[in-house]
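Undergrad: The whole structure should be built from the sequences, with the hints applied where relevant.
For the protein sequence lines, the chains are L and W, in the order given.
The letter at position 34 of the first sequence is residue 34 when you use our numbering, and the numbering goes up by one with no holes.
The letter at position 223 of the second sequence is residue 223 when you use our numbering, and the numbering goes up by one with no holes.
In case anyone wonders, no lab produced these hints; they're calculated from the structure.
Only a predicted model underlies this, so the values are computations on that prediction, with no experimental measurement involved.
Covered, in the sense of this in silico footprint (three residues per stretch, anywhere, with C-beta under 8 Å from a C-beta of chain L), are these stretches of chain W:
| hint | stretch |
| --- | --- |
| 1 | 55-64 |
| 2 | 68-75 |
| 3 | 94-101 |
| 4 | 171-181 |
| 5 | 292-298 |
| 6 | 389-402 |
Using N, Cα and C, we set each Cβ at its ideal position, and we do this for glycine too.
What follows is each chain in one-letter form.
There are 2 protein chains.
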Amino acid sequence: MSEPKANALVGQAGGPTVVINQSLVGVVEACVQAPEIGHIYGALNGVQGVLDENLIDLGLESPGDLERVARTPCAALRSVRKKPNAQECERMVEVFRAHNVRYFFYIGGNDSAESAYLLHQVAQGMDYDLRLYHVPKTIDNDLMVTDHCPGYPSAAKFVAQAFLGDNEDNRSLGGIKVNVVMGRHAGWLTASARLARTSPGEGPHLIYLPERPFSIDAFQSHVQDAMALHGRCVIAVSEGIHTAEGELIAHSGEMDAHGNMRLSGTGVLGDLLAEKVREVVGPKERVRADTFGYLQRSYFGIVSEQDAKEAREVGRHAVQVALQGEQPHGSIIIERDVVRGVYIPRYGCTDLENVAQKTKEMGPEFLAGDHDVSEAFTDYLWPLVGDLPRPGRLSDLPVPKKLP
Amino acid sequence: MSEPKANALVGQAGGPTVVINQSLVGVVEACVQAPEIGHIYGALNGVQGVLDENLIDLGLESPGDLERVARTPCAALRSVRKKPNAQECERMVEVFRAHNVRYFFYIGGNDSAESAYLLHQVAQGMDYDLRLYHVPKTIDNDLMVTDHCPGYPSAAKFVAQAFLGDNEDNRSLGGIKVNVVMGRHAGWLTASARLARTSPGEGPHLIYLPERPFSIDAFQSHVQDAMALHGRCVIAVSEGIHTAEGELIAHSGEMDAHGNMRLSGTGVLGDLLAEKVREVVGPKERVRADTFGYLQRSYFGIVSEQDAKEAREVGRHAVQVALQGEQPHGSIIIERDVVRGVYIPRYGCTDLENVAQKTKEMGPEFLAGDHDVSEAFTDYLWPLVGDLPRPGRLSDLPVPKKLP
Numbered sequence: 001m002s003e004p005k006a007n008a009l010v011g012q013a014g015g016p017t018v019v020i021n022q023s024l025v026g027v028v029e030a031c032v033q034a035p036e037i038g039h040i041y042g043a044l045n046g047v048q049g050v051l052d053e054n055l056i057d058l059g060l061e062s063p064g065d066l067e068r069v070a071r072t073p074c075a076a077l078r079s080v081r082k083k084p085n086a087q088e089c090e091r092m093v094e095v096f097r098a099h100n101v102r103y104f105f106y107i108g109g110n111d112s113a114e115s116a117y118l119l120h121q122v123a124q125g126m127d128y129d130l131r132l133y134h135v136p137k138t139i140d141n142d143l144m145v146t147d148h149c150p151g152y153p154s155a156a157k158f159v160a161q162a163f164l165g166d167n168e169d170n171r172s173l174g175g176i177k178v179n180v181v182m183g184r185h186a187g188w189l190t191a192s193a194r195l196a197r198t199s200p201g202e203g204p205h206l207i208y209l210p211e212r213p214f215s216i217d218a219f220q221s222h223v224q225d226a227m228a229l230h231g232r233c234v235i236a237v238s239e240g241i242h243t244a245e246g247e248l249i250a251h252s253g254e255m256d257a258h259g260n261m262r263l264s265g266t267g268v269l270g271d272l273l274a275e276k277v278r279e280v281v282g283p284k285e286r287v288r289a290d291t292f293g294y295l296q297r298s299y300f301g302i303v304s305e306q307d308a309k310e311a312r313e314v315g316r317h318a319v320q321v322a323l324q325g326e327q328p329h330g331s332i333i334i335e336r337d338v339v340r341g342v343y344i345p346r347y348g349c350t351d352l353e354n355v356a357q358k359t360k361e362m363g364p365e366f367l368a369g370d371h372d373v374s375e376a377f378t379d380y381l382w383p384l385v386g387d388l389p390r391p392g393r394l395s396d397l398p399v400p401k402k403l404p
Numbered sequence: 001m002s003e004p005k006a007n008a009l010v011g012q013a014g015g016p017t018v019v020i021n022q023s024l025v026g027v028v029e030a031c032v033q034a035p036e037i038g039h040i041y042g043a044l045n046g047v048q049g050v051l052d053e054n055l056i057d058l059g060l061e062s063p064g065d066l067e068r069v070a071r072t073p074c075a076a077l078r079s080v081r082k083k084p085n086a087q088e089c090e091r092m093v094e095v096f097r098a099h100n101v102r103y104f105f106y107i108g109g110n111d112s113a114e115s116a117y118l119l120h121q122v123a124q125g126m127d128y129d130l131r132l133y134h135v136p137k138t139i140d141n142d143l144m145v146t147d148h149c150p151g152y153p154s155a156a157k158f159v160a161q162a163f164l165g166d167n168e169d170n171r172s173l174g175g176i177k178v179n180v181v182m183g184r185h186a187g188w189l190t191a192s193a194r195l196a197r198t199s200p201g202e203g204p205h206l207i208y209l210p211e212r213p214f215s216i217d218a219f220q221s222h223v224q225d226a227m228a229l230h231g232r233c234v235i236a237v238s239e240g241i242h243t244a245e246g247e248l249i250a251h252s253g254e255m256d257a258h259g260n261m262r263l264s265g266t267g268v269l270g271d272l273l274a275e276k277v278r279e280v281v282g283p284k285e286r287v288r289a290d291t292f293g294y295l296q297r298s299y300f301g302i303v304s305e306q307d308a309k310e311a312r313e314v315g316r317h318a319v320q321v322a323l324q325g326e327q328p329h330g331s332i333i334i335e336r337d338v339v340r341g342v343y344i345p346r347y348g349c350t351d352l353e354n355v356a357q358k359t360k361e362m363g364p365e366f367l368a369g370d371h372d373v374s375e376a377f378t379d380y381l382w383p384l385v386g387d388l389p390r391p392g393r394l395s396d397l398p399v400p401k402k403l404p
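TA: Have a look at this one:
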């Protein structure tokens, strides 16, 4: 009797994206196709499922069912926000041993990369041969090394289309509109609102990112300037804006297991900024605030096709790297090639410690002044998001007045 | 020299929808095709544009440009929330006389129907021959007589797809999610969340509408029941929910020109309900609230094709009725025919006073208990919204446990 083949396990963690299941299916289909791999299992609720030995068999899913799962937003394996301690990592290795799991793929953001890194160190200390890969996903686009993260382009598309419509709404009824966009430490998602500005007078007229200190006074004066210039004002604000001293402008006061302050799921920041706008424009102007919230990461029906393809491919690539064996652990990355002006993604792998718990902010080349982003940024983002709907406009040919 | 032809004027008012420009273009193209009509003008910002004589010539727009405008959300003519007084109505009639406007089409909700009704009465009193039609639009679906309102099916589609994604998000991370949906007096839009419940265990698990009194105590107990049953809970709440005494659960304190309390553009209700949930489920459960806000009426890219067609057709039909001359004023309606199970819309016209400032709530046949809607309601809504994306699911085949 020959030795049983090594098995593979995949899990999902952190806040979902609309393409996180593309990566899951990419891992599963590559494992199913690999003669070296026996079973491909899924851990329910990420590391929690490993700890509880809550595993499911993914090798029996039909290609058609997998395709439907790939096109469904959010974690089909269910997610978790949990940082395992050393003892829990040891328990996980015992579970791996019991099920002969030698490949582990963990789809998540920088917190999940940290969990993977801790687990890798413990497995090494226990002399357990484990090939372990972090597969990137996050709408925040804040992972190090990689050019961008799967999940971000689709969320950016959702945000840009929201601003495209909201700009028309604001043009219809006038006044000032504040839109609060997700993004804890980095402004990537808020900055994507910029794609909606089809010509200079259109919204968003002001864009505020965590990369720049935020001051209420400056904000109020920008709004007054924009009103004088455009007669109306659409504003994109990151939920993570803070003062020069690093103090958040508004927050919920609630922390998660990774020590992150919860910012979403509350209208506090939008309501506060609307109040600050009212202070300077007076009670007669129409002032409204929306907090886009969880729709940005979960809306069913708005997907960047490029993002969907790349999310699938990072999953497949993780399995390829695992089988090649040169990098026994790491985090999958996307590199950007531009050949004769055409964007082409290349896939690679970097060390886990380069990604774990680190955050990539927007570089200065992507920022413009203290309330806008640069053309270099829109050049970066367009190929990832793809085509957006384009607004049509009337010519507004005036009829000569006849009355005094 | 023959007498100059009578001219037509069109305006848009109230909160926009994503298909309100379909109705505008329907009016314009039918007027351009009508030999009886001279020019087709547009009033910028509705009745305000008439008062200020801010008219534009729409007859010179190319069909291609009009088509692009038709597919763009929100009021291309810009909107207004203004109820003209008698003196202003007289001024409007003077403007009509100066420009030989004998046809006036006003695209809006029940407040705009009221404005049209006031104007009609003043024009009659001044013996000015004016054919005047209210062309219905509202995401609230709360107009009398008509089976449904253009704008509602697309907003319902946006909301249903948001809940489809949000249900997956909640399934991924667990806990309780409160989503606040637009709808001041009627629950139609909130009820559309029900289309996302693809099977009994899926969200939205609880649906709260203004047609039923809302009690915090009952709400807290429903949430506890849903958590016991499903282990998670997605909730759809109308912004207009109120106590048995008619007191709003939360509001901004701000009124508009028509005496309506402003409910949207603030996160107050969602934050309050999340707090009430936390009181009964404890601090360990994940509790989040989103207020969908203005995206529901303006999002660029989510449109019901049936709605787009019908919105175009109510505009065209208004011109037909005007030219036939049997009903010199009125509000355009849609009637529902069902032929061998297939939904077919028919267009008609009712008196303005049947629609002006009245509100149609959901009938008892569309409600189920105090926190759900009936199958009769989903039967009513499906043909208007059309196909929605369908979530795919893993089979969750468990791997036998091997560890104690």
